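Each chain is listed here by its residues.
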Amino acid sequence: MDCCPSVKNILLLDSEGKRVAVKYFSDEWPTNNSKLAFEKALFAKTLRTNARMEAEIVMFQDNIVVYKFVQDLHFFVTGGDHENELLLAAVLQGFFDAVTLLLRNSVDKREALENLDLIFLCLDEIVDQGIILETDPSVIAGKVAIHSMDGAAPLAEQTISQALATAREHLTRTLLT
Amino acid sequence: MAQPLVKKDDDRDDEAEYSPFLGIEKGAVLQEARVFNDPQLDPRRCSQVITKLLYLLNQGETFTKIEATEVFFAVTKLFQSRDIGLRRMVYLMIKELSPSADEVIIVTSSLMKDMTSKTDMYRANAIRVLCRITDGTLLTQIERYLKQAIVDKNPVVASAALVSGIHLLQTTPEIVKRWSNEVQEAVQSRAALVQFHALALLHQIRQNDRLAVSKLVTSLTRGTVRSPLAQCLLIRYTTQVIREAATTQTGDRPFYDFLESCLRHKAEMVIFEAARAITELNGVTNRELTPAITVLQLFLSSSKPVLRFAAVRTLNKVAMTHPMAVTNCNIDMESLISDQNRSIATLAITTLLKTGNESSVDRLMKQITNFMSDIADEFKIVVVEAIRSLCLKFPLKYRSLMNFLSNILREEGGFEYKKAIVDSIVILIRDIPDAKENGLLHLCEFIEDCEFTYLSTQILHFLGTEGPKTSDPSKYIRYIYNRVHLENATVRAAAVSTLAKFGAMVDALKPRVFVLLRRCLYDGDDEVRDRATLYLNTVGSDGEVIETDKDVKDFLFGSLDIPLANIETSLKNYEPAEQPFDINSVPKEVKTQPLAEKKAPGKMPAGLGAPPSGPPSTVDAYEKLLSSIPEFSDFGKLFKSAAPVELTEAETEYAVNVVKHIFDKHVVFQYNCTNTIPEQLLENVTVIVDASEAEEFAELASKPLRSLPYDSPGQTFVAFEKPEGVPAVGKFSNMLRFIVKEVDPTTGDVEDDGVEDEYQLEDLEVVAADYVMKVGVSNFRNAWESIGPDFERVDEYGLGPRESLAEAVSAVISLLGMQPCEGTEVVANNSRSHTCLLSGVFIGNVKVLVRLQFGIDGPKEVAMKLAVRSEDDNVSDMIHEIVASG
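Residue numbers (the numbering used here), protein chains in the order written: chain A, 1 to 177; chain B, 178 to 1063.
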């Protein structure tokens, strides 16, 4: 535990447990099959829980998994058994809110797949080989959006201000609740 | 050939499985990737193709070596485009492809150009990509840029360089270590995450230098740390410093104030990290715990599941060592039993079971009963285990706990769960005599309707051992015989064996058991019939009721003292012949694994890796081991085996520790030897023991170790005779003697000629405590009263100046080698007096109880009143002698 906090994987699955985008940072799951088995078991275990309002948490195969659902998307962040749970929750929240900003509040599987490049970039900006890069959703979304394509691309200049507006709105919401 | 990324014309509403990647196919996408080679690049199109490629990889598709190389070269062309978004996707793609060394060269110059670009985003990403794919030689070329990047004013660039540094430290530490000045500067950065990454890297660079880490922590705990993440990191490093300092410093714990102040931080993440760190401090006191417990208690009623989980998990751990400290949270904890999140509910339950006292058991059981129906099996197992330990703690409450276990045994459940319950009931029956009859009946009822063959046979076996010893064995017969009618062959065979055991042990039941066994002679299964015939002949002798003789009892109840692996090989080697198979020909010694398969080069278990496969360590195993050696087989019952004592310093050529085995008239020293030199093979290893300072002992026999290869532990034994029943003490000096042969570690060839050599070991003592076995009693007062004051001896002792009361108490406990009862080995902080209760069994099976009363006065002078009760006059005196001479 004396080492740097680390994330073992980040998963974004759909409502049937299929992959939308996943990223593994640990060699605990060396093959694609072992990854799929992990996803399947985790999905089955968490399916019946209510993780739509607040992020939920579960001990799973000697790991800590925090997760959150919205529409037909399931977000998961996995860390070691001795990891600080709240720290993992912060990563999850950062990922979740950044995706919400990038997809302009319509967070569902179809939007996610249509903007899959943004989701990949988002994952790339949150964690680098297990080490947390950034947890602030507006910073993450900002970094991804700046790198986004030209004017015709999904997230253009005006959407950044829109994204920031959503961030502000989000902030007020958290302050009020 | 190319499909548009988004099929706008599809009717999306009707299509449940809409996906822009529907029908995507690797071959087609690889074809599409040809657009990367177009002279006029379309950035948008290229981005889409990269996304598709990434999608394929993400779904678990793999590219062949040729495909990957082709894609890689095509992607490198895209560096020509100035489109920022496309460049970003190119970076991602290169990282995913993880190119080989000769391919890396192709992109190096492009990436190096980006690394020195004016665009921050290019710099940050190029650093991360290049450091991911590069090797040591290239690193020296870009080192200058990385150092600059670490102190770059743009936080994204600085973080990218620092995080890359953390990864590179694993492969090329010597280069990264040169950056410490820059990293040091970055620790002072105003950007929150830069500080976090810099701190992590700096600590890793210096982690082997305790003084430097301590300095780092000291300076940072005084200054300001900006991000919660960095603060968490600092807490971790601080606890590390505390742990290492604790051995040298006394008095107030350094840095505790810092941890305590973190409990008031504004970020919950930091508060929790600090609280957890405090609860995990070595030998944490109640005063130190209190503030941490208080914040965790607040978290228990949070609306966030993550927070509740974190708090209850930590409190659960605290409850194992400091149950009293957690009792304050019991009310909040009880409300968590109905928590939506079953992990939280289970942790709450088990915490309550740990902290509960005798009076709260019944209420708690009622709450758990409601809760059990709606949790998963794996949680139920945790609860069952917690209830088992609770029952062992409060044996008087066995009735309600046993009822609970039998109730849940009747409910639906999987194998693992049922097994946990059955195991628990078996343990309770063994440890709490009053619970036996009740528990056995519950098990009988269970096998009446049990779908698991394994559990049925286990229970039948257990019933056969315990059932005949009860007051009314006949009531179990019906349950057992029912099995013969209703179950599969495996269970039927087990039931026949159990019936035979009842017949052998209970003479009154013999005629009836024989009638039942005879019926089994017509069973459809061979094994069942064979067993019935066998038992009728061994136990029965033509239906006459006679006393079962000892051989038969040994046969029925004795355990097989031959390793199963050995009997298996012997049976395989046996060829059907005139000569019947002789079980005595099976070797009893446990074979050590051959060297070849054990040792893969360069695969030393690091740190906490696999425990060394050494000799068995439990008393049971020791007993088996010793009785398998002919020289020691007539020593009688093993009284006690002490914990191993090291006779060599750590990291010497030969590692030797010794286990003392005490018998009534003998003492056996078991020397566990390990050869740590790959180039040597030791043969004929013995320990020459000089017992001139142990007058009452006479050397009897020794058993040399024939061969001791590298890193494969072996044992050699020396046995001594001593006067019977007397706790003889003495000092022994040891010398390891052996023949050493050279080994070529690469081929494993051994040279023929050996040289005799000796190796001095440390001395070994047999002390009075070796003759006392740690045996606890559940209720000390009852045991004390029942032994009575006939052989009570009371005396007072002055123990002289001591560091603390706790130190004096633990010194006396270890001197006597007895089991502290009712948690009295723990001395409350700052107390001036303490009572400690000990129990044990003295050699010759004499029960001994000790009551120690300690007092301490101003200049740390400790006085002690020692009261001993035992079943034997001499033993009581002996205990006093131990203390007087200690």
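Keep in mind that the hints were calculated from the coordinates and are not lab data.
All of these numbers come straight from a predicted model, not from anything done at the bench.
Mixed in with the good hints, there may be bad ones.
[Stated by the list, open to error] Selected chain B positions facing chain A (in silico; Cβ < 10 Å): (1) G262; (2) K749; (3) P753.
[Unchecked claim] If you anchor each label on the Cβ, the simulated ranges turn out as follows: (4) A/A41 x B/K392: 42 to 52 Å; (5) A/H82 x B/D702: 24 to 34 Å; (6) B/G591 x A/P30: 23 to 33 Å; (7) A/S26 x B/S1062: 51 to 61 Å; (8) A/D72 x B/A422: 16 to 26 Å; (9) B/E511 x A/K45: 56 to 66 Å.
All C-beta atoms, glycine included, are put in the ideal place defined by N, C-alpha and C.
Verification of the hints:
no.	hint	result
1	G262	holds (4 Å)
2	K749	violated (36 Å)
3	P753	violated (46 Å)
4	A/A41 x B/K392: 42 to 52 Å	holds (46 Å)
5	A/H82 x B/D702: 24 to 34 Å	violated (52 Å)
6	B/G591 x A/P30: 23 to 33 Å	holds (29 Å)
7	A/S26 x B/S1062: 51 to 61 Å	holds (57 Å)
8	A/D72 x B/A422: 16 to 26 Å	violated (53 Å)
9	B/E511 x A/K45: 56 to 66 Å	violated (26 Å)
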